[in-house]
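Asker: Here's the letter readout for the chains.
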Amino acid sequence: MLGRLWQWYPILELEKNQSYRLHLSSMDWNHGFSLQPVNINLQIIPGYEMVLTVTPDQAGEFTVVCNEYCGIGHHLMLGKIYVGEN
Amino acid sequence: MAQFRVCPDSGFYFDRSAESLMKANAVAGAVSLLIAGILGLGVILTRWQEVHLLPADLFYQVLTGHGINALIFWIIFFEMAILYFASSTLLRTRLAAPRWAWLGFALMIIGMVMNNVAVLQGNSSVMMTSYAPMQAAPHFYLGLILFAVGALIGCFVFLGTLVIARDDKTYEGSIPLVTFGALTACIIAVFTIASGAIILVPTFLWSIGYIGHIDAAMYRVIWWGLGHSSQQINVAAHVSVWYLIAGVLFGARPMSEKVSRFAFLLYILFLQLASAHHILVDPGISSEWKVFNTSYAMYLAVLASMIHGLTVPGSVEVAQRAKGYTKGMFEWLRKAPWGNPVFSGFFFSLIIFGFIGGITGVVMGTEQINLIIHNTIYVPAHFHATVAVGTTLAFMALTYLLIPVLFRRALFLPWMAKWQPYVFSAGMTLMILFMLGAGTLGVSRRHWDMDFTGALLSFEYSGTAYTMMGVAGVGGVLGVLGGAMYLIVTVGSLLFGKKLDESAGLFQGFGVPLAPSSYNVSQPERLPMAPKLAVEQHGSGGMEAPGTFVLALALLVCFVVYYFINWDYLASVWPLS
Numbered sequence: 027m028l029g030r031l032w033q034w035y036p037i038l039e040l041e042k043n044q045s046y047r048l049h050l051s052s053m054d055w056n057h058g059f060s061l062q063p064v065n066i067n068l069q070i071i072p073g074y075e076m077v078l079t080v081t082p083d084q085a086g087e088f089t090v091v092c093n094e095y096c097g098i099g100h101h102l103m104l105g106k107i108y109v110g111e112n
Numbered sequence: 103m104a105q106f107r108v109c110p111d112s113g114f115y116f117d118r119s120a121e122s123l124m125k126a127n128a129v130a131g132a133v134s135l136l137i138a139g140i141l142g143l144g145v146i147l148t149r150w151q152e153v154h155l156l157p158a159d160l161f162y163q164v165l166t167g168h169g170i171n172a173l174i175f176w177i178i179f180f181e182m183a184i185l186y187f188a189s190s191t192l193l194r195t196r197l198a199a200p201r202w203a204w205l206g207f208a209l210m211i212i213g214m215v216m217n218n219v220a221v222l223q224g225n226s227s228v229m230m231t232s233y234a235p236m237q238a239a240p241h242f243y244l245g246l247i248l249f250a251v252g253a254l255i256g257c258f259v260f261l262g263t264l265v266i267a268r269d270d271k272t273y274e275g276s277i278p279l280v281t282f283g284a285l286t287a288c289i290i291a292v293f294t295i296a297s298g299a300i301i302l303v304p305t306f307l308w309s310i311g312y313i314g315h316i317d318a319a320m321y322r323v324i325w326w327g328l329g330h331s332s333q334q335i336n337v338a339a340h341v342s343v344w345y346l347i348a349g350v351l352f353g354a355r356p357m358s359e360k361v362s363r364f365a366f367l368l369y370i371l372f373l374q375l376a377s378a379h380h381i382l383v384d385p386g387i388s389s390e391w392k393v394f395n396t397s398y399a400m401y402l403a404v405l406a407s408m409i410h411g412l413t414v415p416g417s418v419e420v421a422q423r424a425k426g427y428t429k430g431m432f433e434w435l436r437k438a439p440w441g442n443p444v445f446s447g448f449f450f451s452l453i454i455f456g457f458i459g460g461i462t463g464v465v466m467g468t469e470q471i472n473l474i475i476h477n478t479i480y481v482p483a484h485f486h487a488t489v490a491v492g493t494t495l496a497f498m499a500l501t502y503l504l505i506p507v508l509f510r511r512a513l514f515l516p517w518m519a520k521w522q523p524y525v526f527s528a529g530m531t532l533m534i535l536f537m538l539g540a541g542t543l544g545v546s547r548r549h550w551d552m553d554f555t556g557a558l559l560s561f562e563y564s565g566t567a568y569t570m571m572g573v574a575g576v577g578g579v580l581g582v583l584g585g586a587m588y589l590i591v592t593v594g595s596l597l598f599g600k601k602l603d604e605s606a607g608l609f610q611g612f613g614v615p616l617a618p619s620s621y622n623v624s625q626p627e628r629l630p631m632a633p634k635l636a637v638e639q640h641g642s643g644g645m646e647a648p649g650t651f652v653l654a655l656a657l658l659v660c661f662v663v664y665y666f667i668n669w670d671y672l673a674s675v676w677p678l679s
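Listed in order, the protein sequences are those of chains A and B.
Sequential numbering from 27 applies to the first sequence in our numbering.
Sequential numbering from 103 applies to the second sequence in our numbering.
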């Protein structure tokens with residue numbers, strides 16, 4: 027998933043209790059990956075790729091809020107992760 | 103020939119040139135606080151979602167200015183005054199190279215104005231952290247660099263003054279504890295300014311086009327060498343101020359001077375590593391590095407603060423018990439001068455720094471827990487407890503002491519001064535506690551609109567988060583009111599306060615020395631002829647302070663409970679690795 031001014035791309039569809047390798051990076055400035063309402067917060071830095079293994083254990087709609095200030099459109103920067111029951 | 107005056111109320115000696123520098127720096131600090139406070143009101147009234155005062159561009163601009171003026175300009179100007187006081191006055195010696203000190207002051211003023219102009223022009227809304235590759239105008243960085251160079255000159259003047267005092271043998275043994283604490287602050291400041299130069303000079307060159315690329319992760323690592331270490335300067339400085347106030351008000355001596363000195367030493371060795379906390383959830387940095395810095399290094403640094411947190415109120419308790427306030431556990435505290443803003447400001451600073459700032463700091467500094475806190479509004483809540491109350495309120499309390507002693511004026515509107523620490527502490531505590539709550543619910547920091555108006559996708563925080571931000575807004579407004587009361591009393595005292603010295607000149611409050619007739623001592627009296635004040639001497643007070651130990655246990659219980667609550671929150675997020 028990539029952060030850029032001012033969106034998270036793409037929207038992900040995951041399945042519950044499956045493990046995924048999630049690659050996070052930024053195209054331009056620092057961004058903050060803040061998964062709500064689960065409350066997982068990570069720093070996303072341009073030129074670096076963060077790889078982590080996640081296992082969603084709840085189904086539903088989750089929002090990625092950008093929580094590192096990235097300019098005037100910072101508050102418009104939302105992304106989605108949908109987790110379906112398998 | 104150096105000239106000195108003795109303050110008839112306190113017995114402190116003031117070197118004429120050091121005195122003017124203290125005044126000038128303190129006044130410049132108060133001006134910065136005024137700017138920071140007005141901007142802070144804009145920030146809190148925008149984050150209070152029902153009010154939502156400012157448009158987005160203005161909000162980020164105001165937030166940038168608020169952070170820099172409060173965290174850098176106000177605090178460092180005031181710390182320069184403290185350095186000159188802790189060296190020249192407490193050691194009863196002349197100040198080294200006053201002309202250099204004035205040059206440093208001039209550079210700091212130029213830097214402060216330049217940086218504020220850059221932010222005001224609107225092209226530098228990059229927050230205090232100015233993370234590359236987001237770019238500000240060149241004079242934004244240049245202003246900070248000039249300010250830092252000026253502060254560095256001040257540090258060397260302080261060190262030079264220590265050398266003069268040692269050569270002139272104005273003290274016996276080692277330097278007094280308050281001066282020792284100020285020396286700690288000075289050493290950390292030199293480290294901090296070096297980190298600042300390493301990152302801000304290339305960033306400045308990059309902003310004018312000489313350098314093509316600044317690595318974003320490198321910027322964050324080195325910038326936090328500046329960003330968090332500068333907060334350790336504040337801690338060392340305000341802990342020194344605590345010892346100073348306890349010594350002046352109560353004649354208190356530290357419970358064990360050796361232990362207190364050792365605790366200051368731990369700050370130098372370990373507290374810089376708190377910088378590591380800002381990059382706990384960054385890519386490109388190994389877990390081993392993060393774990394080392396946030397476990398061993400941090401626990402030792404926190405230990406230092408816990409020692410000071412115990413020994414400062416403990417020393418007050420010992421001194422009060424010696425005066426006969428021995429009934430029960432807490433008579434010494436009940437009978438303390440709660441109507442004196444020097445005491446109440448000092449004590450609230452201590453309690454709020456320790457209980458709220460300290461506990462939240464350790465919690466968020468834990469690598470695992472940081473995942474649920476990073477960049478939420480929990481973070482500003484933490485540093486408002488440590489810096490905006492811990493440091494700022496300690497400096498405010500010291501100001502009430504300095505107005506008569508240094509500026510030779512009676513307090514203007516003493517009833518307002520009396521209530522100021524209460525209003526400020528109550529407002530800030532309310533704001534901090536509810537910001538902590540909102541942060542735990544995931545509300546982001548540095549964010550204009552928690553409604554996400556106009557975004558393609560939508561998200562809604564829980565109603566509780568909105569309520570919490572609203573209550574935080576009320577607290578913040580009350581805090582700004584408390585800050586305004588401080589400035590009214592301070593500025594009012596300098597302008598309209600009754601002069602305590604018949605021969606005082608008209609502009610004495612603004613850095614111009616008192617009338618020549620005030621300076622009637624060419625060399626301060628030496629030991630053993632002149633009785634030294636408690637804060638100018640050595641010695642320990644003893645350990646008989648049961649009330650303080652009870653308070654310390656209460657702190658530990660709060661910490662343990664809160665720590666486990668946060669691990670519990672963490673346990674509810676998705677499994678990650």
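Hint data in this document are derived by calculation from the structure and do not stem from the laboratory.
A virtual CB, placed ideally from N, CA and C, is assigned to each residue, including glycine.
Errors might be hidden in some of the hints.
Stated by the list, open to error - Computed beta-carbon distance windows for the label pairs:
no., chain 1, residue 1, chain 2, residue 2, range
1, A, Tyr-35, B, Arg-201, 56 to 66 Å
2, A, Ala-85, B, Met-320, 36 to 46 Å
3, A, Arg-30, B, Ser-560, 51 to 61 Å
4, B, Glu-562, A, Glu-41, 21 to 31 Å
5, A, Tyr-35, B, Leu-155, 29 to 39 Å
6, A, Thr-81, B, Ile-667, 18 to 28 Å
7, A, Asn-43, B, Leu-589, 50 to 60 Å
8, B, Ile-300, A, Tyr-35, 50 to 60 Å
9, B, Val-663, A, Glu-41, 47 to 57 Å
10, B, Gln-223, A, Ala-85, 43 to 53 Å
11, A, Asn-43, B, Gly-430, 50 to 60 Å
12, B, Leu-222, A, Ser-45, 46 to 56 Å
13, B, Gln-223, A, Thr-81, 42 to 52 Å
As the list claims (entries may be wrong) - One-sided excerpt, in silico: chain A residues whose CB lies under 8 Å from chain B:
no., residue
14, Met-27
15, Arg-47
16, His-49
17, Met-53
18, Trp-55
19, Gly-58
20, Asn-67
21, Met-76
22, Leu-78
23, Thr-89
24, Leu-102
25, Leu-104
26, Tyr-108
27, Gly-110
28, Asn-112
Stated by the list, open to error - Far from chain A by the CB rule (all over 10 Å, computed), these chain B residues:
no., residue
29, Met-229
30, Phe-432
31, Phe-561
Asker: A separate judgement is required for each hint: does it hold in the structure or not?
Answerer: We went through each hint and held it up to the structure:
no.: 1; hint: A:Tyr-35 x B:Arg-201: 56 to 66 Å; result: 59 Å, holds
no.: 2; hint: A:Ala-85 x B:Met-320: 36 to 46 Å; result: 40 Å, holds
no.: 3; hint: A:Arg-30 x B:Ser-560: 51 to 61 Å; result: 20 Å, violated
no.: 4; hint: B:Glu-562 x A:Glu-41: 21 to 31 Å; result: 25 Å, holds
no.: 5; hint: A:Tyr-35 x B:Leu-155: 29 to 39 Å; result: 33 Å, holds
no.: 6; hint: A:Thr-81 x B:Ile-667: 18 to 28 Å; result: 24 Å, holds
no.: 7; hint: A:Asn-43 x B:Leu-589: 50 to 60 Å; result: 58 Å, holds
no.: 8; hint: B:Ile-300 x A:Tyr-35: 50 to 60 Å; result: 35 Å, violated
no.: 9; hint: B:Val-663 x A:Glu-41: 47 to 57 Å; result: 37 Å, violated
no.: 10; hint: B:Gln-223 x A:Ala-85: 43 to 53 Å; result: 49 Å, holds
no.: 11; hint: A:Asn-43 x B:Gly-430: 50 to 60 Å; result: 59 Å, holds
no.: 12; hint: B:Leu-222 x A:Ser-45: 46 to 56 Å; result: 51 Å, holds
no.: 13; hint: B:Gln-223 x A:Thr-81: 42 to 52 Å; result: 49 Å, holds
no.: 14; hint: Met-27; result: 13 Å, violated
no.: 15; hint: Arg-47; result: 10 Å, violated
no.: 16; hint: His-49; result: 10 Å, violated
no.: 17; hint: Met-53; result: 11 Å, violated
no.: 18; hint: Trp-55; result: 5 Å, holds
no.: 19; hint: Gly-58; result: 5 Å, holds
no.: 20; hint: Asn-67; result: 4 Å, holds
no.: 21; hint: Met-76; result: 4 Å, holds
no.: 22; hint: Leu-78; result: 6 Å, holds
no.: 23; hint: Thr-89; result: 4 Å, holds
no.: 24; hint: Leu-102; result: 4 Å, holds
no.: 25; hint: Leu-104; result: 4 Å, holds
no.: 26; hint: Tyr-108; result: 11 Å, violated
no.: 27; hint: Gly-110; result: 15 Å, violated
no.: 28; hint: Asn-112; result: 15 Å, violated
no.: 29; hint: Met-229; result: 5 Å, violated
no.: 30; hint: Phe-432; result: 40 Å, holds
no.: 31; hint: Phe-561; result: 4 Å, violated
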